[in-house]
Amino acid sequence: MTPLDRDPETYAEVRDHSFDGIQEYDNQLPRWWVYKFVITIIFAAGYLYWFHFAQIGKNLQDSYDFEKTELAEKLRLSKPPEAPVSKEELKALAQDPQSIEKGKAVFATRCASCHGMEGEGVVGPNLTDKYWIHGGALTAIVKTIEEGVPAKGMVPWKSLLSRDEIHQVAVFVKSLEGKKVSNPKKPEGELSSEE
Amino acid sequence: MNRSNDTVFYDDKIVRAFLWATMIWGLIGMVVGLLIAAQLYYPALNFGIPILSFGRLRALHTNAVIFAFAGNAIFTAVYYSTQRLLRTRMFSDFMGWFHFWGWQLIILAAALTLPLGFSQSKEYAELEWPIDIAIAIVWVVFAVNFIMTMKIRRERHLYVALWFYLASIIAIAMLHIVNNISIPASWLVSYPVYAGAQDALVQWWYGHNAVGFFLTTPFLGLMYYFLPKAANRPVFSYRLSIIHFWSLVFIYIWAGPHHLYYSALPEWLQSVGMVFSIMLWAPSWGGMLNGLYTLRGAWHKVREEPILKFFVLGVTAYGMSTFEGPLLSIKAVNKLSHFTDWTVAHVHVGALGWVGFMTFGMIYYLIPKLWKTTLYSKTLANAHFGMATIGIILYAVSMWASGITQGLMWFATKADGTLLYPDFMETVIAIKPAFAIRAIGGVLYIAGLLVMFYNMFKSIHRAAIVEPEQLTIARLNEIPVESEVQSLVSEPISFKIFLKRLHTAIEGWPLVFTALSAAALMVGGMVQIIPMILTEVKVPRGVSVQPYTPLELAGRGIYLREGCYNCHSQQVRPIVEETARYGPISRAHEYMYDHPFQWGSKRTGPDLHRVGGKYPDLWHFRHMQDPRTTSPESIMPTYGWLLTSSLDFNSISAQMKAMQRVGVPYKTSDIHDSKEKMKAQAVEVAERLKEQGGIENVADKEIVALIAYLQRLGREASK
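Respectively, the protein sequence lines represent chains A and H.
For the first sequence, position 24 (counting from the first letter as 1) is numbered 24 according to this note's numbering, and the numbering increases by one without interruption.
For the second sequence, position 358 (counting from the first letter as 1) is numbered 358 according to this note's numbering, and the numbering increases by one without interruption.
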């Protein structure tokens, strides 16, 4: 090892000892490094004091509850409770090819995994026949989609889809009624001719 | 006092053996990593073969790169530098070779058992109990060999590299043993004595410090020896070495709970974990500074010498990941980053950058020394450096982007407060391109390694036959302790200087040094773990948590075997966007019979804690058979074999007995007719499958047990 008995920049002395040729200077600790260390220690003490000893800061549960009520409040203010959708509105929507098209897109990503790409039924029932477990009227279909049948594995979609999306997918489902599909699941529920 | 001389031969044969093992296992571990990275882009790359499926191979990848690649690299460094720093051959050749072959056999056992699905299902501690015992034995032999070498040393004081080796050896022994205490149910199945939140705490105390004392401190030791050697420069600051060594080993141990924020772990533990993680920033950077500042005045050499290039980038990567670590430990940041690829990016900057590059630098340094030759080609070494660097950049940048993107998508809400991306798959599709880029980064990194292999073969090929080097070294003369103590207090000196002298004196007393570092290492773990073990889980009034039924337990065994925890968490955090997505917050009592806990650390797929009852049985059946039928574009592996392999009804009573021994309140009568109960429940599930979709003949197949377990998950919340 080249004898460098003083640090070229700080002129700190090299220690009078070497290990397998490795020498060591004994430079001062870099000041910024020391400050950083001290600051993190002070932060640590402060944090534990604030949240645990003095309990001024909110704990996880409280901040969750706080956020939750805040969110509920925001929802209440932004959206006054809506009247349930009427039969007439839905019927009008059912005549609108654009809405049906939008409903089809929702169906493909959200519903097809259980009802099949064509609505022929897989895990969920066949939606192309005229038999309905929970009623074949448009309003009944909307209700089934919104509230689901959790016990049977039909997801409640109310919190996952917007109101419009639910109406669109409902009219799409209704449009499937009577459609011929290649591999239909056997009918379930009762024959219904409601609209 | 007489000073006589000894003739000494350093044992380099064993160093060469460890070096080869490092290279070979490194290649294997990284190729497995590349395969599973590619599977996340093309799930079909597991070819439907159980032993190639993601959940099993991910464990093999992590174990191989940590214990086989990094492990052998550590041993290479320790065996080479300890002999030179203590000016003696290692204490026992036999122990050395026992260590070498024992370790390679352990790795071989891991490479066989993990793909076969024998797993404790705790991250980086997956190996089953007989292998754990073998690890403990080999480790103790290594420790004894190391400590006895200190005893026969011909150098009075221990150099800083040795402090780090010593602390690592003690810490790993302690972590490994405490985390793996379990009760076997058979030769290759066992359950940890800890359950739920307790198990989570112990596991992440282990998991975090495995990173600390397997991937950090030994490599700091490596740096302290090889970097000044290669640069031919004195180390920047002895004082800094002292301060950052002690603060690092003391503080590191406390940081484990930063893996468990917003979980059912008591909140004070989470906070303690956080503040200690933040305090860890400076001690970690102390190592980086001592490394980089040592190169002052030698930067021109860095431009020419590939060894130093690897070291500089390695140390820089260390600095980056030890800044990122404390950052990710801030609860508010962790809320976003946890469960995402951000964590994956973080570990790989450390693993590929710090561990990998320090190892490569060391190997390039050692090849000429160990084989008495010159490096075949500097150009190829530079090419290796370039490829690996670009590989790391692609890896890190793609995973940062992926992690942050997915985290933000999980939390994104519409104006009315509902989730913007309620469908989990949308958030997966968004990050698929990142998976592809990451894999390309991996290819480059491995290509670099192959170049290194070639360079190494060529260098060795032209080497002369290696004769052991004969050295003449003076023996250490005894200095009575009293006279050393006296010299500390003989003259009036400032407190600071006193401390420094005291430390220098302690460096000459290896046993005292060992005891002090063991003490520093133990405090954190004890303060956190003991209260946790002594307090009972609080069960809310009116709730009674039922242990798993025999069939559910068997299903859980399949979940563990397949390593589903590598992609799925079971932990709904108290965050509004998260409860909106998954359901009610997970509580500690829900996990009280979970040996081991399965909270997970990564959500490649959605959380499963509230999946029970979400879908009909038939959905799970089809989903496990081929996830793409129910979830187009899913990247979950297919599990076709669960539909055809027979369910094991015979070992359930042994498993329940083992569970009983770790504290699950099964009655003896439950165990007695467990087989019948299990069959009856299996028939129920099979009948539902038949009713829902005409599925026949599955009552004795594994799939029914897994479905029973999945449908049971999180049902405690509704009570």
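Hints are supplied without guarantee of correctness; some may be wrong.
As the list claims (entries may be wrong) - Pairs of lysine-lysine residues, derived as DSS-like cross-links and limited to a Cα-Cα distance of at most 30 angstroms, are as follows:
#1 K614(H) with K158(A)
#2 K158(A) with K335(H)
#3 K58(A) with K690(H)
#4 K414(H) with K179(A)
#5 K496(H) with K152(A)
#6 K186(A) with K414(H)
#7 K614(H) with K414(H)
#8 K68(A) with K690(H)
Claimed, not checked - Simulated restraints on C-beta separations:
#9 N59(A) with I147(H): 39 to 49 angstroms
#10 A83(A) with W641(H): 29 to 39 angstroms
#11 I56(A) with S490(H): 44 to 54 angstroms
#12 P156(A) with K432(H): 25 to 35 angstroms
#13 A134(H) with I56(A): 32 to 42 angstroms
#14 V543(H) with A83(A): 54 to 64 angstroms
#15 W299(H) with R6(A): 10 to 20 angstroms
#16 G189(A) with E426(H): 23 to 33 angstroms
#17 E70(A) with D648(H): 49 to 59 angstroms
#18 R6(A) with L502(H): 40 to 50 angstroms
#19 K158(A) with A654(H): 19 to 29 angstroms
Read the hints as simulated data drawn from the structure, not as lab findings.
For glycine and all other residues, C-beta sits at the position ideal for the given N, C-alpha and C.
A quick look at each hint next to the structure:
no.	hint	in the structure
1	K614(H) with K158(A)	holds, 15 angstroms
2	K158(A) with K335(H)	holds, 26 angstroms
3	K58(A) with K690(H)	violated, 51 angstroms
4	K414(H) with K179(A)	violated, 35 angstroms
5	K496(H) with K152(A)	violated, 73 angstroms
6	K186(A) with K414(H)	violated, 39 angstroms
7	K614(H) with K414(H)	holds, 24 angstroms
8	K68(A) with K690(H)	violated, 42 angstroms
9	N59(A) with I147(H): 39 to 49 angstroms	holds, 46 angstroms
10	A83(A) with W641(H): 29 to 39 angstroms	violated, 53 angstroms
11	I56(A) with S490(H): 44 to 54 angstroms	holds, 52 angstroms
12	P156(A) with K432(H): 25 to 35 angstroms	holds, 29 angstroms
13	A134(H) with I56(A): 32 to 42 angstroms	violated, 51 angstroms
14	V543(H) with A83(A): 54 to 64 angstroms	violated, 39 angstroms
15	W299(H) with R6(A): 10 to 20 angstroms	holds, 19 angstroms
16	G189(A) with E426(H): 23 to 33 angstroms	holds, 32 angstroms
17	E70(A) with D648(H): 49 to 59 angstroms	holds, 51 angstroms
18	R6(A) with L502(H): 40 to 50 angstroms	violated, 25 angstroms
19	K158(A) with A654(H): 19 to 29 angstroms	violated, 47 angstroms
The structure is inconsistent with the numbered hints 3, 4, 5, 6, 8, 10, 13, 14, 18, 19, although it conforms to all the rest.
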